[in-house]
Amino acid sequence: MTPDTIFAPATAPGRAGVAIVRISGPQADAALSALTAGAPLPAPRRAGRVKVCDGDGEPVDDGLVLRFPGPASFTGEDVVELHLHGSRAVLDAVMALLAAQEGLRVAEPGEFTRRAFENGKMDLTQAEALADLIDAETAAQRRQALRQMDGALARLIEDWRGRLVKALGHFEAFIDFPDEDLPPEAEGAIWGAVEALVAEMTAHLDDGRRGERLRDGFHIAIIGPPNAGKSSLLNALARREAAIVSDIAGTTRDVVDVHLDLGGYAVVLADTAGLRDAAEAIESEGIRRARARAEQADLRLAVFDGVTWPQLDAHTLSLVDDATLVVVNKADLATVPDDPVVAGRAGLALSVRSGQGMERLLARLGEEVGARLAGGSGAPALTRERHRRALTECVDALRRARAAALPELAGEDLRLAARALGRITGRVEVDELLDVIFRDFCIGK
Amino acid sequence: MSMTERYDVIVVGGGHAGTEAAAAAARMGAATLLLTHKVETIGEMSCNPAIGGLAKGHLVREVDALDGIMGRAIDRGGIQFRMLNRSKGPAVRGPRAQADRKLYRQAVQDLLAETANLTIAAGAVEDLELDVGGQVTAVLTGDGRRIACGAVVLTTGTFLRGMIHCGEVQTPAGRVGEAPALGLSQTLGRVGLALGRLKTGTPARLDGRTIDWEGLESQPGDEPPLPFSYLTAAITQPQVACGVTYTSAAVHDIIRANLHRAPMYSGQIQSIGPRYCPSIEDKVVRFGDRDRHQIFLEPEGYDDPTVYPNGISTSLPEDVQRQMIALIPGLEKAVMIRPGYAIEYDFVDPRELRPSLEVRKVPGLFLAGQINGTTGYEEAAGQGLIAGLNAARLVSGSPAWTPDRADGYLGVMIDDLVTLGTQEPYRMFTSRAEYRLLLRADNADLRLTGRGIELGCVGSTRAAAFGEKKALLDAGRARLQALALTPRELNDRGLKVNQDGVRRTGMDLLGYPEVDMARLRSLWPELADLRPDVAEQLEIEGHYAGYLARQEADIRAFRRDEALALPDDLDYATVGSLSAEIRLKLAQARPATLGAAARIPGVTPAAITALLGHVKRSQRDEVVAEAG
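Going down the list, the sequences are from chains H and E.
The C-terminal position of the first sequence is numbered 547 in this note's numbering, with every residue numbered one higher than the one before it.
The C-terminal position of the second sequence is numbered 646 in this note's numbering, with every residue numbered one higher than the one before it.
Heads up, some of the hints might be wrong.
[Stated by the list, open to error] Which chain E residues face chain H? A few, computed with CB under 8 Å, are given here:
#1 Ala109
#2 Trp419
#3 Pro531
Hints in this document: simulated from the structure, not taken from any laboratory.
As the structure is a computational prediction, the values presented were derived from the model and not from experiment.
C-beta: ideal position from N, C-alpha, C; glycine also.
Can you build the whole structure from these sequences, using the hints too?
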């Protein structure tokens, strides 16, 4: 038996100019013929005009069709794409006609991608990237997903993996072939290679979780004393044209999240409870959460009340650090310098109410976020926690290997390192190691 | 033998697979017949006169742990014993010995003669008789006899279309002057077994009396020599040294000038040779920058002048071999007893086998050794033992037993073969084992002998010795766990540990790299009475404790997947969401378990999930069907 032929709309449901139905599997062409009363099939990868009819020859729609014979198709199987008019009725009718055909069924969610993955059309990182691309809401997310889909991350990991397999292979040669005339300098080279891998992987892990933050959103927490204007600032930022509000989540009363697109970057802005010595239990819990949120955030936006300038709230001051942008609000009510220095850091004076300084704040926020997400090296980012965990495990194992007391213990950790890395793109097979050994060394006592 | 003769198990072939298979089946209580061409060549070392090495030595220890004969035979026939990787840790140490060919052969024959339930006879098996269901019922010999049986273990090495190449000269292999066993080949062909073709080679043999040993490096054996078998108390025969010499640029020039006459390069041989055992012409071509290659000169016996020059296997023409040898230091005047050659042969794709080594398409027929695409005496012996054991179990109606990848190298080898097949003559390496720290040469008995006793393949002598060692080990471990000192007390005795107030037991202390059993004895002099092998075992356990704990967690996960058996007749076409490529791979390998399926390269985690779902669903359907 051959795999089922699957089909599904490739476009979102609802009224539209065009709706696309995709069919993949060995019966894709046959399914097309059945829909078009046996009309000749158009040439591969050329758009052809088709009249779709039902079993009685009754016309259903007039559209375009594209054929991608496997394996040169998205899924690696024969694929047919029907471009129909985007009407509910047309789509329902075509779906029903396809479902009535023997051996055809509606695709499960993600099944086209899964077949592409299974047929070797993409590796795991590329499959993930495709999902990310479809979900991308901002320009930076789109760029990152496209880059990963193109295989940039896979290439980086493959490069590491190749070098690790070589080091491990050489290491294994010294264990398995003690009677052979192996070049002694190769043993030193193994540790040089491990050293370099640890350095590169560590640098990559030290990227401030750039890829994940780009994908999942950069978190900014607004902190400050009560009545400094935090909520007004949040609302003002949310309403600015430069910051497009996409979604308001946050069900907790104490922390309110707003999702923004700031200069192409996805940003999650959180308003938190005012910081002070709380009088009662509920508020004190809110303040505890505010502090916790402030700590987790990628950037803190500390809002001070300008009315008391130069006296500033001590609770908030204690939280100002390198990842804090300081603003002094209510500049219209007080004499605050345009560039106030707070806790040794260059801040901004602003008035949410009058709008004074808001443009500067937006520009500064954009710079801060961009600097933390853009990544100076241009190397492909780790976009998933899964990648980060595997890579961390790999580096830990390499470090242990370096420190191991006996060669077989070092070997054990080198193998674990290879296995961890293999979890990102694919396994390291023993045969690969043997290939390295017998390619690089003359074994044959 | 009468016309009505019948045996439970018939083993065909008297090599290293055949002898272990016959001995194992007989130990299991099966009435066993070993049929071989010449009784006097049983136990012959047909290639290099050595047993063991890394991973191979581990296999010998495992064969010994299941009461096989190879370990005891080499202990009687060995003339130089070395523990390889002595400078590394115990998990990657491997015992190796040079053998006196004659003594080794004699030892094998003596051990077989002592084996109850075993009959040995000369005879050429011409064909197998199968019943209508394809089940083996008898073997048919060249002299017209029919011998009925419950199971057959075929260990016929390279007999399938063997072809010897020596330069331009080609000779059909083995059995010169005898009619080849055509019927057997045809029968195997008729049942539709997938065959592949492999190549291996051997160097020339030299007359040691004509070698100038004076100027050569010498490689002595270990003092004292360590035995292979857990039953051998000590090696008593004297040890000899091997010589070491090297090829030279002049030798390489001769080879390069004659490459067109080498069967591998002239196109005469197209089958695949092992990567780990290249011919000297291969070495010169592939590693052109090397100005010399190492040669070990291995004596073949005390009173046998033959020397095996390990490292220069070749199939160049005889005259070129002579020129080559005359240019090697120490061999200038050496007389060549016979030239080296390459041999090509057919093998059965081992994916045709169940893990028990029974042919899936021919119930009752087991294959072991080179016929399955492996190389090496040790690999052959290991398969022979498992095949013989399972042939006996089949006849007695018991389910098959095969060690898994966490039990031993035996399990690694058989799983690799039956799940992945092989592209080159399969040889064992420690890098093939996932659980290398556990699968050590020193603890093969602890891993396997207890199981062997339950299965009935371990004799009473070994069972008693094992029981005693196990008891001493358990008692010793309990003592080391009971002895403990505080960090302060340890500090006073010169051992720096964290001053955390936690008492350290003797076992804990063995986990510190600088603590060995001698150091423990300085802390607790009463430990002096631990038997040396027990003390060593405890030392190793303590040493690896942290790593072994992690490996054991891995093994639990591994065994969960192994516990999920895939039905032998699973129709992969009915499993949804598998790509055509994966479907084909699975159908070819017919993995025995879900874990084995996952080890097939190219089988994705998604496919494994689909397979798991399918099997669970069918099991549920069966339950429902039965209930209905």
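Structure-based check of all given hints:
no. : hint   : in the structure
1   : Ala109 : 5 Å, holds
2   : Trp419 : 25 Å, violated
3   : Pro531 : 4 Å, holds
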